[in-house]
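Protein chains: 2
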Amino acid sequence: MATIAPTRASAAEAGARDIARFATTARWDSRLRTDVTARQFAIAVDEPPELGGADTAPNPMELLLAGLDGCLSVVVHTIAGELGATVRALDLASEATLDTRGFLGTAPVRPYFQTVHTAIEIGIDGLDEAGFASFRDAVAARCPAGTLIAAAGVDFTISWARV
Amino acid sequence: MATIAPTRASAAEAGARDIARFATTARWDSRLRTDVTARQFAIAVDEPPELGGADTAPNPMELLLAGLDGCLSVVVHTIAGELGATVRALDLASEATLDTRGFLGTAPVRPYFQTVHTAIEIGIDGLDEAGFASFRDAVAARCPAGTLIAAAGVDFTISWARV
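If you read the protein sequences in the order shown, they are chains U and C.
If you read the first sequence in this note's numbering, its first letter stands for residue 65, the second for the next number, and so on.
If you read the second sequence in this note's numbering, its first letter stands for residue 65, the second for the next number, and so on.
If you are wondering where the hints come from, they were derived from the structure by calculation, not from laboratory data.
C-beta atoms are modelled at their ideal positions from N, C-alpha and C, and glycine is treated no differently.
Facing chain C, according to a computed beta carbon distance under 7 Å, are these residues of chain U, among others:
#, residue
1, 107
2, 122
3, 134
Sample of chain U residues with no beta-carbon within 10 Å of chain C, all distances over it, derived:
#, residue
4, 118
5, 149
6, 189
7, 190
8, 192
9, 194
10, 195
11, 196
12, 197
13, 221
14, 222
15, 223
16, 224
17, 225
18, 227
Under 7 Å between C-beta atoms, here's a sample of chain U residues computed to sit facing chain C:
#, residue
19, 98
20, 102
21, 133
22, 155
23, 163
24, 215
The shape of chain U in the complex, shown without the other chains:
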């Protein structure tokens, strides 16, 4: 269960210091390759051959999953820190499906993910079973990428294993 219910509070209600801003610029290169810049970082995007690209970089959906994995990792560490717990090890594996007919425009289905599942293996010390349950709930409730996906109505699940 979520410990924080996402609301539609507008940015205008928050103090300026509460609002984080993120920005990218991007330029199409050739075929289906696009080169994105985020601050000092270059992020290339392409498609595999079966989707018409030259397979020089991850595809857009893989970047979304990478953002999800990274986001969950940051939230795990943040909440572990709050609880005085120590993370020894953390592995994540995310899988997603989508119905390509939405993107292709050949059927009235949503273009975005149908399902997303993330399997997390974590070595964490300093939490008993009840504490670990609260920890898991807080991670799911406070992860910006995960809550975005869930709020879109995607069948999004996280499984946890302590190692």
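Start from chain U and add chain C according to the hints.
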């Protein structure tokens, strides 16, 4: 206006060939850095110093925006091809805001984006004004990343300029 209304059709209703699958694996490295693998590609994720990281890679929200930029680019090219139009140039700039109190757990606001805006500059031949309007609508309606963000209730807008 969307030309295709996203629905909640389940993957089970689609033929197996319609379903695309995407997967990542990820391992936490140190501090807030996580190393993600998608097929043969390595994608690093970190946070800037003000968010507690070592700033060795884009942060998770920047990766989501990179996925959005790349996704819009792929959809632009796909729909241009359907319409017999030629894309000469394509630049994108995305900006997003979020209220950090959701992530930090200090206020009952949603952790994910409040706003996302993408400004697109496109050089495209072979479309009159009416055709370009239909093209724009189809891009917005069929982009998996963009429709995910919109479906989550984010104030998501795209502005277009022909160059």
